[in-house]
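**Q** Residue numbers (the working numbering), protein chains in the order written: chain H, 1 to 343; chain B, 1 to 343; chain G, 1 to 343.
Please note that a few of the clues may not be correct.
Put simply, identical chains are the same to the list, so a pair is met inside one copy or across any two.
Stated by the list, open to error - Here are the simulated DSS-like cross-link-like pairs (lysine-lysine), alpha carbons at most 25 Å apart as the crow flies:
#1 K3 x K191
#2 K307 x K327
#3 K3 x K50
#4 K318 x K307
These are calculated hints, taken from the structure and not from any lab test.
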Amino acid sequence: MAKLQQLNDLVAGELRGNPDEEIHRVVSIDQAQTGDITFLSNPKYLPLLKNCQASAVILSPEVAAPEKNLIITANPYLAFAKILTFLQSSKTTGQGIMPGACVAESAAVDESATVYPGCVVGENVKIGAGTTLYPGVVIYDDVSIGRDCLLHAQAIVREGCRLGNRVILQPSAVIGSDGFGFAPDGSGYYKIPQVGIVVLEDDVEIGSCSCIDRAALGETRIRRGTKLDNLVQIGHNVEVGEDCIIVAQGGIAGSSKVGKHCTFGGQMAIAGHLTVGDNVMIGARGGATGNVESNQILSGLPLMPHKQWLRATMSFTKLPEMRKEMKQLQKRLEDLEALLQED
Amino acid sequence: MAKLQQLNDLVAGELRGNPDEEIHRVVSIDQAQTGDITFLSNPKYLPLLKNCQASAVILSPEVAAPEKNLIITANPYLAFAKILTFLQSSKTTGQGIMPGACVAESAAVDESATVYPGCVVGENVKIGAGTTLYPGVVIYDDVSIGRDCLLHAQAIVREGCRLGNRVILQPSAVIGSDGFGFAPDGSGYYKIPQVGIVVLEDDVEIGSCSCIDRAALGETRIRRGTKLDNLVQIGHNVEVGEDCIIVAQGGIAGSSKVGKHCTFGGQMAIAGHLTVGDNVMIGARGGATGNVESNQILSGLPLMPHKQWLRATMSFTKLPEMRKEMKQLQKRLEDLEALLQED
Amino acid sequence: MAKLQQLNDLVAGELRGNPDEEIHRVVSIDQAQTGDITFLSNPKYLPLLKNCQASAVILSPEVAAPEKNLIITANPYLAFAKILTFLQSSKTTGQGIMPGACVAESAAVDESATVYPGCVVGENVKIGAGTTLYPGVVIYDDVSIGRDCLLHAQAIVREGCRLGNRVILQPSAVIGSDGFGFAPDGSGYYKIPQVGIVVLEDDVEIGSCSCIDRAALGETRIRRGTKLDNLVQIGHNVEVGEDCIIVAQGGIAGSSKVGKHCTFGGQMAIAGHLTVGDNVMIGARGGATGNVESNQILSGLPLMPHKQWLRATMSFTKLPEMRKEMKQLQKRLEDLEALLQED
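Working from the sequences, and respecting the hints, build out all of it.
**A** Right, here's the structure in full:
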């Protein structure tokens with residue numbers, strides 16, 4: 001529970017109404033009751049505001065303010081997130097290495113960390129303060145993990161990889177699996193040992209069942225603040241810059257370098273050995289087959305400006321009738337040509 | 001082992017031949033021997049029937065019946081499935097919590113359930129009668145799981161999620177990972193806490209390494225009887241209706257609602273915040289970028305009627321020659337125009 | 001450490017320079033220091049050779065040889081791989097069944113195998129000499145695993161499946177999950193029991209979170225030497241021939257048969273019940289919707305010769321202007337027709 005004044009201070013908003021109003025929960029606008037705070041970020045839900053029972057509402061200054069307790073802020077969605085985080089945070093104290101966990105003697109696990117049953121932690125591993133390993137997490141030898149990380153159930157970090165602070169691995173995320181490298185050897189393939197590592201910098205989040213392959217030599221690196229959704233594939237020796245967003249089921253093939261502040265839609269792909277600049281947006285299912293300059297919004301396979309792609313896909317559905325029209329044009333032209341030849 | 005009469009009764013078929021024939025196995029038509037029952041559902045395999053050594057065959061009434069022991073039924077594939085299930089079922093009795101499993105004291109595990117070694121079950125979890133947790137399954141706190149569920153190795157159910165009866169999770173299925181929600185915060189991103197849950201209703205099946213994200217607020221829900229193949233992504237706050245089929249590697253982005261009796265092909269995608277009606281079929285690799293009305297068969301990106309898509313893709317392969325023809329038309333037209341101007 | 005002569009002998013190259021040069025590491029050309037060996041396989045990196053500090057370089061005969069210690073060989077990349085493997089190999093002796101592993105009494109685990117803590121091995125399992133099961137691996141009953149296999153953390157092999165020798169499973173690979181088979185049963189679906197198995201032949205590698213479904217009846221088979229990248233889906237009863245390469249996030253639907261020496265790019269798909277010949281290359285995101293003859297290089301959905309696809313996709317981006325041009329042609333043609341009618 002918190003008082004409205006306290007929540008307003010947290011997000012540096014403008015409070016209207018009763019600063020002592022007691023807030024217990026954050027819920028969506030259609031479900032809010034007395035004791036709840038809700039928010040309006042999508043104008044589509046504006047009509048719901050009228051009958052909303054919430055004790056307070058987070059609003060942007062542009063919205064005509066109703067007769068309610070309000071927190072006015074330029075970014076209601078961000079304020080909602082911060083207030084929700086505040087009301088959720090339960091300050092669990094570290095529980096240390098719990099019975100049923102298997103931790104090598106040479107591992108250095110901070111006493112404020114938590115290692116749940118079913119975890120296996122290898123030789124010479126370092127685990128920082130406040131970090132939690134949920135059940136079934138496996139950490140291979142020589143891994144280092146920073147402070148306040150959350151590794152969910154069955155997440156795996158293979159040998160030698162390094163995680164910064166506040167890194168989150170969703171369940172079954174795989175960090176440091178072998179890169180896919182084989183040298184043709186007559187009719188078959190010879191496996192290239194993958195002896196590099198993966199580095200996840202501070203504040204990186206990796207989704208469930210996403211796979212970040214270790215480098216062949218050197219490192220695969222995901223830079224500070226970048227977030228990957230579920231089932232994403234990152235090939236060996238890839239670098240992804242700061243504050244990127246990669247939506248579910250996308251893939252980046254080996255050795256490609258991506259700049260910062262990029263946003264990639266679902267099922268997108270980037271071929272290997274490419275360079276993508278900063279502030280690049282690639283739409284869902286887009287596919288980069290060549291280098292990409294900074295500051296573009298692109299879609300399609302091959303990539304093209306998003307607006308051009310929208311027009312091209314609309315034309316695509318018209319292709320059969322275009323072919324028909326073309327045949328008719330040819331026929332009419334032939335008729336004219338024949339007519340003129342007769343002259 | 002069963003007698004043919006018993007199997008015929010099970011599927012309410014029409015028996016021809018020896019009701020006392022002993023049946024030991026169900027196998028495919030090309031491998032059947034004495035003691036086996038087989039089935040013919042694809043007419044392509046009709047020629048194999050002649051030399052088939054099976055002790056009995058399941059057939060539809062349309063097929064010219066050979067001189068064999070037969071079960072005649074309108075749906076041989078369904079009858080095959082029921083007979084196979086019957087002959088397989090081994091009525092294992094629950095083994096309880098086995099040594100090497102780690103179950104919180106506050107968890108209520110029915111005595112007829114089975115919890116294999118390597119499982120970790122959290123606080124206040126409820127597990128119903130006849131349910132099996134294979135090795136390495138992790139159940140977070142406050143989860144409820146119904147009767148006769150099968151959770152295969154390494155399946156994960158995160159905090160607060162609810163599974164109905166007869167739910168099947170294939171290995172490494174992830175239920176309740178965080179939805180992918182971040183609020184832009186200057187140059188970076190602020191994580192939106194994902195405090196909702198996932199509900200899987202009765203008879204739902206989730207494939208290996210498929211990920212069902214928990215809701216930001218409220219719930220993500222997969223309704224009764226819906227089956228998901230492997231490596232499928234379901235975003236936060238999605239709802240999928242009853243009796244849907246989602247083939248491997250498909251994805252549904254956050255907050256989209258899908259009706260009942262839908263069938264989605266492999267690698268299909270549905271963008272976020274959309275509504276899809278009932279009885280919608282989307283072909284493999286199709287992509288919904290807008291709302292979809294009920295009772296349609298669609299393909300492509302953007303979606304279009306499947307037949308139109310087939311024609312459009314055929315035209316697509318002809319695009320380069322269309323461009324060439326268009327250039328020729330332009331040239332001929334210019335010639336004509338010049339000729340007429342001369343006049 | 002090794003002497004250069006020893007490494008040259010290993011790859012049957014031609015040594016130039018000092019055979020006694022001591023080599024400690026294999027690194028990439030931009031990071032090489034004294035004591036390192038590096039290689040040049042991509043001519044793009046030729047300029048780096050001049051200032052390279054490596055103690056030796058692996059080169060192909062076509063490259064103008066610098067004044068350095070050299071191993072000259074027709075395939076520098078393969079030589080690099082072999083030398084790296086040699087310098088890496090650490091000949092760990094088997095550690096047997098470690099404390100914290102749970103192995104059924106009826107399982108036969110070779111004494112030179114290693115089973116890490118957190119593994120669960122079922123009844124009647126056979127595990128061959130030199131095979132390693134990393135933490136959290138789950139082996140169901142009646143599985144057989146050959147010699148010198150590597151099963152990484154959380155890999156799962158379900159009941160009855162068979163792995164040959166030197167098979168590698170990356171973390172969370174799933175072998176033998178249920179095939180996706182349901183018989184329509186009124187409005188819902190009846191699950192077809194999947195009672196077949198998966199066979200992985202010698203030298204197969206399966207990537208992280210890749211899923212190989214067990215057959216409904218019979219077997220799903222991946223033949224000798226075939227390598228699958230991460231997040232790949234293989235449906236029930238699929239057969240993949242020898243020495244194939246399937247890049248990340250590709251999928252092969254049920255009952256399709258693929259020949260040998262095929263190479264499939266990322267996010268590729270093959271529909272069900274198809275036959276694909278030998279030596280077929282399918283580009284990234286390609287989709288097979290019909291049978292494919294041997295010895296082709298194909299791309300697109302539907303598949304077409306790769307060069308045709310490149311031209312078609314280039315034309316695709318021009319579609320909107322093609323439509324505009326077509327309208328102009330129509331207009332000009334109408335004008336001409338009108339003009340001639342006036343005559």
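**Q** Confirm or reject each hint.
**A** Going down the list of hints, with the structure as the test:
| no. | hint | verdict |
| --- | --- | --- |
| 1 | K3 x K191 | between (61 Å within a copy, 23 Å between copies) |
| 2 | K307 x K327 | between (29 Å within a copy, 21 Å between copies) |
| 3 | K3 x K50 | within (23 Å within a copy, 68 Å between copies) |
| 4 | K318 x K307 | both (17 Å within a copy, 13 Å between copies) |
Checked against the numbered hints above, the structure breaks none of them.
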